[in-house]
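Colleague: The lines below spell out each chain.
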Amino acid sequence: MSITLKIIKYQVKDNLQSRWIIGFFLFFLIFSYWLISFTEDSHKVLLSILNMIIIVIPLICLVFGTIYIYNNLNYITFMLTQPIKRNAIYSGLYFGLIISIFVCFILGVGIPILLNILLFTESLNIVILLFITGFFQILIFTGFGFLIAIQNDDKLKGLGISIFVWLFFSIIYDGLILYLLQTFQDYPLEKLALGLTLLNPIDLGRILTILKFDVSALMGYTGAVFEDFFGNNLGLFISLTVLLIWSILPFVLGQKKFSDKDI
Amino acid sequence: MIKIKNLEKYYSKLHVLKNIDLSIEQGKITYLVGPNGSGKSTLIKSILGLIKKYDGTISINGKIINEDSEYRNLIGYMPQSASFPENLTVKDIIKLVKEIRYQNIYDEELLTKFVLSKEMNKRLKNLSGGTIQKVNAALAFLFDPQILILDEPTSGLDPVSSNILKDKIIDENKKGKTILFTSHIISELEDLAQNIAFILDGKIWFSGSKNELIKIAGESNLERSVASLMTKSIA
Numbered sequence: 002m003s004i005t006l007k008i009i010k011y012q013v014k015d016n017l018q019s020r021w022i023i024g025f026f027l028f029f030l031i032f033s034y035w036l037i038s039f040t041e042d043s044h045k046v047l048l049s050i051l052n053m054i055i056i057v058i059p060l061i062c063l064v065f066g067t068i069y070i071y072n073n074l075n076y077i078t079f080m081l082t083q084p085i086k087r088n089a090i091y092s093g094l095y096f097g098l099i100i101s102i103f104v105c106f107i108l109g110v111g112i113p114i115l116l117n118i119l120l121f122t123e124s125l126n127i128v129i130l131l132f133i134t135g136f137f138q139i140l141i142f143t144g145f146g147f148l149i150a151i152q153n154d155d156k157l158k159g160l161g162i163s164i165f166v167w168l169f170f171s172i173i174y175d176g177l178i179l180y181l182l183q184t185f186q187d188y189p190l191e192k193l194a195l196g197l198t199l200l201n202p203i204d205l206g207r208i209l210t211i212l213k214f215d216v217s218a219l220m221g222y223t224g225a226v227f228e229d230f231f232g233n234n235l236g237l238f239i240s241l242t243v244l245l246i247w248s249i250l251p252f253v254l255g256q257k258k259f260s261d262k263d264i
Numbered sequence: 069m070i071k072i073k074n075l076e077k078y079y080s081k082l083h084v085l086k087n088i089d090l091s092i093e094q095g096k097i098t099y100l101v102g103p104n105g106s107g108k109s110t111l112i113k114s115i116l117g118l119i120k121k122y123d124g125t126i127s128i129n130g131k132i133i134n135e136d137s138e139y140r141n142l143i144g145y146m147p148q149s150a151s152f153p154e155n156l157t158v159k160d161i162i163k164l165v166k167e168i169r170y171q172n173i174y175d176e177e178l179l180t181k182f183v184l185s186k187e188m189n190k191r192l193k194n195l196s197g198g199t200i201q202k203v204n205a206a207l208a209f210l211f212d213p214q215i216l217i218l219d220e221p222t223s224g225l226d227p228v229s230s231n232i233l234k235d236k237i238i239d240e241n242k243k244g245k246t247i248l249f250t251s252h253i254i255s256e257l258e259d260l261a262q263n264i265a266f267i268l269d270g271k272i273w274f275s276g277s278k279n280e281l282i283k284i285a286g287e288s289n290l291e292r293s294v295a296s297l298m299t300k301s302i303a
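So the protein sequences, as listed, match chains A and B.
When you line the first sequence up against this note's numbering, it's residues 2 to 264, in that order.
When you line the second sequence up against this note's numbering, it's residues 69 to 303, in that order.
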């Protein structure tokens with residue numbers, strides 16, 4: 002077994018007993034169960050779960066990812082004095098946390114869905130897409146959380162930046178797009194809107210899933226352009242590639258920064 | 069032998085280590101003395117590879133340390149305070165480090181003498197600071213390393229455990245191990261020291277044997293000699 006896998010094994014063991022991770026699991030479980038108990042309409046439930054995924058998961062991963070590095074600094078220092086490469090430690094901590102958050106997410110959302118499986122038999126493809134979207138959000142924003150903590154020794158500053166990154170991608174970015182569309186409404190901006198959506202991992206996850214709900218008709222001409230793009234194989238390939246780049250980028254940048262960092 | 073040549077370290081504009089030339093003799097116990105903020109920790113961190121950006125060279129047994137992590141197989145390190153993932157047990161941590169270091173022969177004397185067997189299944193968050201420090205010490209000696217680097221080794225330990233650790237340091241030195249330690253309480257560990265390296269304001273002001281220092285300073289013991297050296301250095 003490689004050293005990274007060994008570190009992952011112990012990190013997952015530690016994380017799955019952590020109060021935070023158990024708290025996340027209970028949150029996902031109670032929230033999903035509560036939503037299902039409201040309505041028999043599986044699309045409505047899944048749309049609400051999607052909203053939770055794209056709002057709550059980035060926040061949890063950013064803040065928890067940042068705190069995780071700060072809290073484990075003494076342990077990281079200890080590990081760095083062992084004969085192992087820095088990349089192995091970074092990857093071990095990162096994937097150890099990713100796996101733990103993903104397990105509590107998949108069980109928290111999955112158990113209530115499984116208990117009401119009859120309700121979701123016709124929308125299983127959307128359920129799978131929801132889990133894939135959630136998985137990418139976890140990868141991307143935990144990577145950002147780690148990167149922010151590695152770049153900022155000051156805990157308060159690091160946490161502040163994490164919250165700002167979340168605000169930027171989940172609220173400010175959409176506001177800027179709306180402002181742009183409003184200001185230049187006389188011009189054909191659908192393709193620009195599409196391009197800008199691709200650049201925001203939260204929007205990308207949201208659109209990819211929403212288009213499966215047959216609600217894109219409500220989005221007018223832009224919705225049609227989006228459906229046309231994401232509905233064909235090339236569009237889907239491009240969006241998955243962009244999501245993959247978003248997943249790898251913060252992790253690789255963080256790892257690079259960590260390997261040169263004075264601890 | 070650890071050889072440090074022309075070591076310079078800046079933290080942005082702060083000059084932390086100033087042209088350090090120091091040899092840590094093989095098979096000797098070297099005591100790195102200096103007040104808080106003098107550069108002791110930065111120097112130790114540089115040897116351990118925790119500091120990446122510096123000028124100068126550090127070599128261990130004739131080999132310059134750089135990107136390679138293998139040389140740390142030779143080193144056992146006891147930090148001043150270490151914390152481990154709090155939900156893991158003592159047994160887990162020992163297993164993890166054993167799995168990482170690929171070694172078959174272990175020196176478990178400190179595990180036995182500190183009676184850590186009854187703590188093995190306890191989670192680290194339920195252990196006292198002193199017990200965690202015992203785990204740290206046991207881990208540093210566990211792999212029978214050639215070089216031991218101990219940062220304030222007796223801080224946080226009760227007198228009995230502190231004596232066990234001191235005896236272990238003496239025993240390991242008799243076996244030919246190179247030991248480098250720091251402590252801010254000079255009298256506490258002065259009986260162990262064979263060589264002294266005195267660091268102040270990022271510069272090594274004295275490096276040599278304990279007796280040599282006492283002779284130069286013209287004082288009766290190490291504590292007074294160091295105090296005298298500090299006064300002269302500041303003046």
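Fair warning: there could be bad hints in the mix.
What follows is a list of derived Cβ distance ranges for each label pair [stated by the list, open to error]:
{"hint": "1", "chain 1": "A", "residue 1": "118", "chain 2": "B", "residue 2": "149", "range": "31 to 37 Å"}
{"hint": "2", "chain 1": "A", "residue 1": "126", "chain 2": "B", "residue 2": "197", "range": "37 to 43 Å"}
{"hint": "3", "chain 1": "B", "residue 1": "86", "chain 2": "A", "residue 2": "24", "range": "47 to 53 Å"}
{"hint": "4", "chain 1": "A", "residue 1": "17", "chain 2": "B", "residue 2": "89", "range": "48 to 54 Å"}
Keeping only pairs whose Cα atoms sit at most 25 Å apart, straight-line, the calculated DMTMM-like set for lysine to aspartate or glutamate is [as the list claims (entries may be wrong)]:
{"hint": "5", "chain 1": "B", "residue 1": "81", "chain 2": "A", "residue 2": "204"}
{"hint": "6", "chain 1": "A", "residue 1": "86", "chain 2": "B", "residue 2": "160"}
{"hint": "7", "chain 1": "A", "residue 1": "86", "chain 2": "A", "residue 2": "204"}
{"hint": "8", "chain 1": "A", "residue 1": "258", "chain 2": "B", "residue 2": "76"}
{"hint": "9", "chain 1": "B", "residue 1": "243", "chain 2": "B", "residue 2": "269"}
{"hint": "10", "chain 1": "A", "residue 1": "257", "chain 2": "B", "residue 2": "135"}
{"hint": "11", "chain 1": "B", "residue 1": "121", "chain 2": "B", "residue 2": "160"}
{"hint": "12", "chain 1": "B", "residue 1": "163", "chain 2": "B", "residue 2": "176"}
{"hint": "13", "chain 1": "B", "residue 1": "113", "chain 2": "A", "residue 2": "204"}
{"hint": "14", "chain 1": "B", "residue 1": "113", "chain 2": "A", "residue 2": "263"}
{"hint": "15", "chain 1": "A", "residue 1": "45", "chain 2": "A", "residue 2": "204"}
{"hint": "16", "chain 1": "A", "residue 1": "7", "chain 2": "B", "residue 2": "269"}
{"hint": "17", "chain 1": "B", "residue 1": "245", "chain 2": "B", "residue 2": "187"}
{"hint": "18", "chain 1": "A", "residue 1": "258", "chain 2": "B", "residue 2": "136"}
{"hint": "19", "chain 1": "B", "residue 1": "71", "chain 2": "B", "residue 2": "212"}
{"hint": "20", "chain 1": "A", "residue 1": "257", "chain 2": "B", "residue 2": "136"}
{"hint": "21", "chain 1": "A", "residue 1": "10", "chain 2": "B", "residue 2": "76"}
{"hint": "22", "chain 1": "A", "residue 1": "7", "chain 2": "B", "residue 2": "135"}
{"hint": "23", "chain 1": "B", "residue 1": "96", "chain 2": "B", "residue 2": "138"}
{"hint": "24", "chain 1": "A", "residue 1": "257", "chain 2": "B", "residue 2": "76"}
{"hint": "25", "chain 1": "B", "residue 1": "234", "chain 2": "B", "residue 2": "187"}
{"hint": "26", "chain 1": "A", "residue 1": "14", "chain 2": "B", "residue 2": "187"}
{"hint": "27", "chain 1": "A", "residue 1": "86", "chain 2": "B", "residue 2": "269"}
{"hint": "28", "chain 1": "A", "residue 1": "7", "chain 2": "B", "residue 2": "123"}
{"hint": "29", "chain 1": "A", "residue 1": "262", "chain 2": "B", "residue 2": "123"}
{"hint": "30", "chain 1": "B", "residue 1": "121", "chain 2": "A", "residue 2": "204"}
{"hint": "31", "chain 1": "A", "residue 1": "86", "chain 2": "B", "residue 2": "167"}
{"hint": "32", "chain 1": "B", "residue 1": "113", "chain 2": "B", "residue 2": "287"}
{"hint": "33", "chain 1": "B", "residue 1": "86", "chain 2": "A", "residue 2": "204"}
{"hint": "34", "chain 1": "B", "residue 1": "73", "chain 2": "B", "residue 2": "160"}
{"hint": "35", "chain 1": "A", "residue 1": "86", "chain 2": "B", "residue 2": "212"}
{"hint": "36", "chain 1": "A", "residue 1": "86", "chain 2": "B", "residue 2": "154"}
{"hint": "37", "chain 1": "B", "residue 1": "131", "chain 2": "A", "residue 2": "204"}
Quick caveat, the hints were computed from the structure, so don't treat them as lab data.
Being a predicted model, the structure only gives us computed values, none of them experimental.
Built from N, CA and C at the ideal position, the CB exists for glycine as well.
Colleague: Against the 25 Å threshold, does the CA-CA distance of residue 245(B) and residue 187(B) hold or violate the hint?
Modeller: Not satisfied, since the Cα-Cα distance of roughly 29 Å exceeds 25 Å.
Colleague: Please verify whether residue 71(B) and residue 212(B) have alpha carbons no more than 25 Å apart.
Modeller: At roughly 21 Å apart (the allowed maximum being 25 Å), residue 212(B) and residue 71(B) satisfy the hint.
Colleague: Just to be careful, I want the Cα atoms of residue 262(A) and residue 123(B) compared with a cutoff of 25 Å; is the pair within it?
Modeller: Measuring from Cα to Cα gives roughly 15 Å; hence the hint holds.
Colleague: So if I understand the rule, the pair passes when the alpha-carbon distance is 25 Å or less; does residue 81(B) with residue 204(A) pass?
Modeller: 42 Å, violated
Colleague: Starting from the hint 48 to 54 Å, judge whether the C-beta atoms of residue 17(A) and residue 89(B) obey it.
Modeller: Given a distance of about 50 Å, which is inside 48 to 54 Å, the answer is holds.
Colleague: Between residue 45(A) and residue 204(A), does the CA-CA distance stay at or below 25 Å?
Modeller: Answer holds: residue 45(A) to residue 204(A) is near 19 Å, not above 25 Å.
Colleague: Given the proposed pairing of residue 96(B) with residue 138(B), does the C-alpha separation stay at or below 25 Å?
Modeller: 23 Å, holds
Colleague: Take a quick look at whether residue 86(A) and residue 269(B) sit within 25 Å of each other, Cα to Cα.
Modeller: Outside the cut-off at roughly 32 Å; violated.
Colleague: Under the criterion that the straight-line Cα-Cα distance not exceed 25 Å, is the pair residue 243(B), residue 269(B) satisfied?
Modeller: 34 Å, violated
Colleague: May I ask you to test the hint 37 to 43 Å on the CB atoms belonging to residue 126(A) and residue 197(B)?
Modeller: 54 Å, violated
Colleague: Between residue 257(A) and residue 135(B), is the straight-line Cα distance small enough, at 25 Å or below?
Modeller: With a Cα-Cα distance of about 13 Å, the restraint between residue 257(A) and residue 135(B) holds, given a limit of 25 Å.
Colleague: When you check the alpha-carbon spacing of residue 163(B) and residue 176(B), does it fall within 25 Å?
Modeller: Holds. Residue 163(B) to residue 176(B) sits at ~13 Å (cutoff 25 Å).
Hints 1, 2, 5, 7, 9, 11, 13, 16, 17, 21, 27, 28, 30, 32, 33, 34 and 37, counting from the list given before, are not met by this structure.
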